[in-house]
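Single-letter residue listing:
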Amino acid sequence: KILHKTDVVGFTCFGAEFRRFSLDRHKPGKFEDFYKLVVHTHHISNSDVTIGYADVHGDLLPINNDDNFCKAVSSANPLLRVFIQKREEAERGSLGAGSLCRRRRALGALRDEGPRRRAHLDIGLPRDFRPVSSIIDVDLVPETHRRVRLHRHGCEKPLGFYIRDGASVRVTPHGLEKVPGIFISRMVPGGLAESTGLLAVNDEVLEVNGIEVAGKTLDQVTDMMIANSHNLIVTVKPANQRNNVVRGGRALGSSGPPSDGTAGFVGPPAPRVLQNFHPDEAESDEDNDVVIEGTLEPRLLSSLRADPRHSLALPPGGVEEHGPAVTL
Amino acid sequence: MMKFRFRRQGADPQREKLKQELFAFNKTVEHGFPNQPSALAFDPELRIMAIGTRSGAVKIYGAPGVEFTGLHRDAATVTQMHFLTGQGRLLSLLDDSSLHLWEIVHHNGCAHLEEALSFQLPSRPGFDGASAPLSLTRVTVVLLVAAGDIAALGTEGSSVFFLDVTTLTLLEGQTLAPGEVLRSVPDDYRCGKALGPVESLQGHLRDPTKILIGYSRGLLVIWNQASQCVDHIFLGNQLESLCWGRDSSTVVSSHSDGSYAVWSVDAGSSPTLQPTVATTPYGPFPCKAINKILWRNCESGGHFIIFSGGMPRASYGDRHCVSVLRAETLVTLDFTSRIIDFFTVHSTRPEDEFDDPQALAVLLEEELVVLDLQTPGWPAVPAPYLAPLHSSAITCSAHVASVPAKLWARIVSAGEQQSPQPVSSALSWPITGGRNLAQEPSQRGLLLTGHEDGTVRFWDASGVALRPLYKLSTAGLFQTDCEHADSLAQAAEDDWPPFRKVGCFDPYSDDPRLGVQKVALCKYTAQMVVAGTAGQVLVLELSDVPVEQAVSVAIIDLLQDREGFTWKGHERLSPRTGPLPWPAGFQPRVLVQCLPPAAVTAVTLHTEWSLVAFGTSHGFGLFDYQRKSPVLARCTLHPNDSLAMEGPLSRVKSLKKSLRQSFRRIRKSRVSGKKRAANASSKLQEANAQLAEQACPHDVEMTPVQRRIEPRSADDSLSGVVRCLYFADTFLRDGAHHGPTMWAGTNSGSVFAYALEVPAAAVGGEKRPEQAVEAVLGKEVQLMHRAPVVAIAVLDGRGRPLPEPYEASRDLAQAPDMQGGHAVLIASEEQFKVFTLPKVSAKTKFKLTAHEGCRVRKVALATFASVACEDYAETCLACLTNLGDVHVFSVPGLRPQVHYSCIRKEDISGIASCVFTRHGQGFYLISPSEFERFSLSARNITEPLCSLDINWPRDATQASYRIRESPKLSQANGTPSILLAPQSLDGSPDPAHSKGPDTPEPPEAALSPMSIDSATSADTTLDTTGDVTVEDVKDFLGKARTIPTSTCPARSWSAGSLAPAWPLNIEPRLLTCRLHWDLLSCPA
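Residue numbers (this note's numbering), protein chains in the order written: chain A, 6 to 333; chain B, 433 to 1516.
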């Protein structure tokens, strides 16, 4: 069959078995049909399987409804790698995850007892998701402040906020004083910052990646934030102080229901709280500069190809069609 | 955050000490021509010249290398300056009607200019000059009489006041009111009118009691100060200027109608109504005023009449002219900028019968021109300093350190052939005062400036005086539109007036495409590359003989068949074909034309390989200039980048900028508007303003200045601009074989590394065989933060930067360690990173922007020698940020060492113009015409060290109770310098000390007078302007005696000692000073 340009070539992998198939990028069809196609091509129609795919960043993400199936097909360029696991294997694997997950699942189970249960939303396992934001250092930061980490895995989503100059009132040895400060002035709808619900307009920015912004100009703070944008940690003093994390393990949200509607949140607005994130973790997704070796060393080349993160995170125009530069 | 805490290393005392021996920040000297000069003075006895500026700076120049700089506390225009002849003292008048007395004082053998006294004229508002004749209104002229002890001040209100110069106090009761003069004036002249402001005051050369006073309305009076009566009266026209003849029997006056008149003094005491001569030199049509006139007689007979202005109003009213008339010879010197003032260098001894002027010095708005009046034809004397750097606007600059003597001599000789010295002239530079104490520079430094008109100027930057050596013009290679226009215009002009073009200031560029963007010079082969605005890359070679030859042209298309792009910018320059004559000097060999003809943004030269690499906003290319063949062209454009395609970057940028600026303006006007309302005293106005504010809708305030936080994306505009290019012999393929490589960095954080196949030169042969050079892409690095790459350098196994071409092969530098372990340092605007080679993986890094919020503007690797140890030196990375701070980092560890604030962050052009030298100095433009030189090295400092023989009986009592301050430290553009290291604080920069092995002691240094300025700039415990009595000081000393004396055993001083003495009142401020120092020296 001759593939059209809009088609997606898929490879499914079940254990050591590989199958090849093609899909129309614009009309991928329903998840049900795809599921049937997969179990049919692998001749495993009798067993219950979970289907996942490797996204552009090399992360394994689930395919379990029409939406994420569409997403998977549309993001394939043009190769779509699909991984199939038996359901019981997948479950077993997840049991090995941290206790935090387990606790959360228990919590989720409690909540699911409501009328929502009937909707039977099939939500993937926690480890199938990657964090987009977190509140960190809760034990170090004063209760009135919030240290927010925005994970930006090279995704297309904009960080999506603006900052401005302003004045804040501080308690100093000389009494209350008005001091210049930096504030969040605007959120871009649909941006990363807005979708986390952890930052809001008029929050005062106190630190950027551990460095105080006091005494720095708006332009300096802008440069600092952009320089740290791949792993931005901002300490803010929220304009709305009612949603603060309360220390001592009390339940979240006990200080009243959230007043601002947090768009983008399906479940409870409780953000994921990490106690003491590790410095290693911060370093791990530091800016890894992409190095492409020339044709001089084919060995390195193959090792590079093995890592989809490297090959695919390249700017589209950066390496195309030029002599020895590698096209992957 | 743990990782930030770990980064802060504990202060290692040994390292701190070493840092003090290596690094020190000093702003040492200002090169070039003072920006916006406003006053001129000359001391014929000491042969020194002073120039005052509109920003309140005073600069005194003598022999080359003798320079003094001072800055008035208030940035007011210096309107007049007068030397107290032979005393090394200078009286300056500012436009805020304050008088300041400056002294050249010696500290430890070196002279400095210091402000000794100032005097604010008591202003009495509400009276005008006529109704209150005795009030001291605005001073119009100043005359020093009685050997400089008394100053006569002519005022707008027609009175003449007298001032005791030693104390700067008014001599009450001696004031000459216009009434006294009017008594001697015939009634019909008086007719109820005022005399007008005093326009001129001139002293009699031999009889100090006689003063020639000229009033604006035209009355000239010879006033006898001894007998307090009027000796002579002349009735003339509206007066501009006056001058005595040498024998005092004649007086020359110049007038606002363009005429001058000669008056004879001999006729008795009755008012003289008619001058002996009255002419309008450029008549008969209406002429402009003659602003200043000088009359100088000569032993050989006749006299010089030199005057400025007086040109026919209609035809030449816009010219800036000085006319020199001697007997029948008239020359109209036609300058390109406004005339500030002029003087003649002539004999001033009273016993001499003749002036015999040797030279005429004319200070113009943009340059200083000196003419030799003793040589027929009055040729111009080339100035050894005060060069107008901006004769065409500076577009780029580069510094070449340690120039070999041979190349130096060749450049100097090429420069001499360019502008032949007037051999017949007996006169060299006439301003020769003072002695330069600085040691002969240990190495020759060459500063290259590229200009808008396509010239590259070579300057001797080895010492304090920046001397022009040679000028290279690239315009001759191209056909420009405005050719021969000048010569045609010249021919069309009449012979009258006899214009003669003088001076070199010519800000008008024939063609903006000629502008020089990048310059690189190889000091060993005397080859250089000059790259311009229209994508032209010229490879030149120094030749000692003129030749006539054709220049071969090669065209390289950097777009490499990319489709869908159209260049909407300027066209390329069309080169002239056929053999062209080239004078001795740098002669072009090859012209490489980039297409599209965008401005060249980076260039580098490797003479050993005969390769030149160049980059524009579209890509980069590599050219083999030996075989005259292109090797490589690579497009760096991002497909989405449409802006770069459309034309010159400036247009795109300026649109953005102008939008931003207009927003800022709106905001500013709103703020200032509020202020005005608050200042208004009227309550009604205030209420109105409040009403207006309430009425104004608040949503205007709701959109404040905000900044978007978004990481750079790959398709940002102008991402393809090539920012740096670099050649290195290093390991790119594998760890065993090194070879030629070329590196290119772009605006979007991409680095391309090419392995080059350069045929090896035969043993002993200069040139390599005629084989093609090949380039293979070896590595491509995409920095994740995507910030523009500003510099790339390869470090050898010992962590030192690789030497320049030929440096190692000619045993001029230590050969690099080629045993592997090379690393590449990539500096982006946001961070520095060292990667290992050949496998590129990050080794060390410093994220400047993430830490400090500042961005890198300029970086350079520099060698810092220690002051303590003769042969200890470290290679460090010097970096200038967008905030104007200079940081120094260790290499390859990339640890921050020191940082200083250097340039005001608002001074964008200053920051953009900064260039570092190889030995820890730097230059930046403080005005279009001046480079400030600074040094980061504690050892390598180029600053004026000079002395002046002053015959001034210094009065002990008055010398020691004066408030002194050191003027050089703050510079003409008013940036207070922040001083950190011992050398900068040391007031005794004697050469022995700076070179010597003794370690500087900070506590001792803190005592020095130079530190005061830094202390006062931060916080002052004493009012520096107020009167400090001796008692005050003693009181203070009583409280604080123990601290200062115990910390400065090295200096002994007592309250009674004078000479280079410490003024007593320095003492209290010492404390603030030390505090300040401590604050600065804590680890950053």
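If you are wondering where the hints come from, they were derived from the structure by calculation, not from laboratory data.
Think of the CB as a built atom: it goes at the ideal place given N, C-alpha and C, for glycine as much as any other residue.
Any given hint might turn out to be false.
Each pair of labels, with its calculated beta carbon distance range [what the hints assert, rightly or not]:
#1 T601(B) to A172(A): 30 to 36 Å
#2 Y1304(B) to E217(A): 34 to 40 Å
#3 S851(B) to E217(A): 54 to 60 Å
#4 G171(A) to E1338(B): 18 to 24 Å
#5 G171(A) to D1166(B): 53 to 59 Å
#6 Q911(B) to E217(A): 56 to 62 Å
#7 Q1246(B) to N293(A): 54 to 60 Å
#8 R175(A) to D1381(B): 58 to 64 Å
#9 V14(A) to R1140(B): 44 to 50 Å
As a list, the in silico DSS-like pairs of lysine-lysine whose alpha-carbon atoms are at most 30 Å apart [claimed, not checked]:
#10 K91(A) to K32(A)
#11 K183(A) to K1290(B)
#12 K32(A) to K221(A)
#13 K221(A) to K1277(B)
#14 K933(B) to K1000(B)
#15 K1337(B) to K1277(B)
#16 K221(A) to K933(B)
#17 K41(A) to K91(A)
#18 K76(A) to K35(A)
#19 K1271(B) to K1290(B)
#20 K720(B) to K838(B)
#21 K1000(B) to K724(B)
#22 K625(B) to K838(B)
#23 K221(A) to K1337(B)
#24 K1277(B) to K162(A)
How the hints compare with the structure:
1. Distance hint for T601(B) and A172(A): a CB-CB separation of about 49 Å, inconsistent with the stated range 30 to 36 Å.
2. As the Cβ distance of Y1304(B) to E217(A) is approximately 37 Å, the hint placing it in 34 to 40 Å holds.
3. The hinted range of 54 to 60 Å is satisfied by S851(B) and E217(A), whose Cβ atoms lie roughly 58 Å apart.
4. One distance hint, 18 to 24 Å for the beta-carbon pair G171(A) and E1338(B), holds here, with the actual separation near 22 Å.
5. The given range of 53 to 59 Å is respected by G171(A) and D1166(B), whose C-beta atoms sit roughly 56 Å from each other.
6. As the Cβ distance of Q911(B) to E217(A) is approximately 59 Å, the hint placing it in 56 to 62 Å holds.
7. Distance hint check for Q1246(B) and N293(A): the Cβ-Cβ separation is about 35 Å, which falls outside the suggested range of 54 to 60 Å.
8. Our hint of 58 to 64 Å for R175(A) and D1381(B) holds, since their Cβ atoms are close to 60 Å apart.
9. Separated by about 38 Å at the C-beta atoms, V14(A) and R1140(B) break the suggested range of 44 to 50 Å.
10. Note on K91(A) and K32(A): the hinted pairing holds, with a Cα-Cα distance of about 27 Å set against a maximum of 30 Å.
11. In summary, the hint linking K183(A) to K1290(B) is not supported, as the alpha carbons are separated by about 36 Å, beyond the 30 Å threshold.
12. Annotation: proposed proximity of K32(A) to K221(A) is violated, straight-line Cα distance about 52 Å (limit 30 Å).
13. For the hint pairing K221(A) with K1277(B), the CA-to-CA distance comes to about 23 Å; that is within 30 Å, so the pair holds.
14. For the hint pairing K933(B) with K1000(B), the CA-to-CA distance comes to about 39 Å; that exceeds 30 Å, so the pair is violated.
15. Distance check on the hinted pair: K1337(B) and K1277(B) sit about 25 Å apart at the alpha-carbon level, within 30 Å; holds.
16. Taking the CA atoms of K221(A) and K933(B), the gap is about 52 Å. The hint is violated against a cut of 30 Å.
17. For the suggested pair K41(A) and K91(A), the alpha carbons sit about 15 Å apart, so the restraint of at most 30 Å is met.
18. As the CA atoms of K76(A) and K35(A) are separated by approximately 12 Å, the hinted pair is consistent with the 30 Å bound.
19. Simply put, K1271(B) and K1290(B) have alpha-carbon atoms about 27 Å apart, close enough for the 30 Å limit, and the pair holds.
20. Between K720(B) and K838(B) the alpha-carbon distance is near 53 Å, which puts this suggested pair outside the 30 Å criterion.
21. The hinted pair formed by K1000(B) and K724(B) fails the criterion: a straight-line CA distance of about 52 Å is larger than 30 Å.
22. With a CA separation close to 72 Å, the supplied pair K625(B) and K838(B) exceeds the 30 Å bound.
23. Proximity of K221(A) to K1337(B) is assessed by CA-CA distance (about 13 Å); at most 30 Å being required, the pair is judged to hold.
24. For the hint pairing K1277(B) with K162(A), the CA-to-CA distance comes to about 28 Å; that is within 30 Å, so the pair holds.
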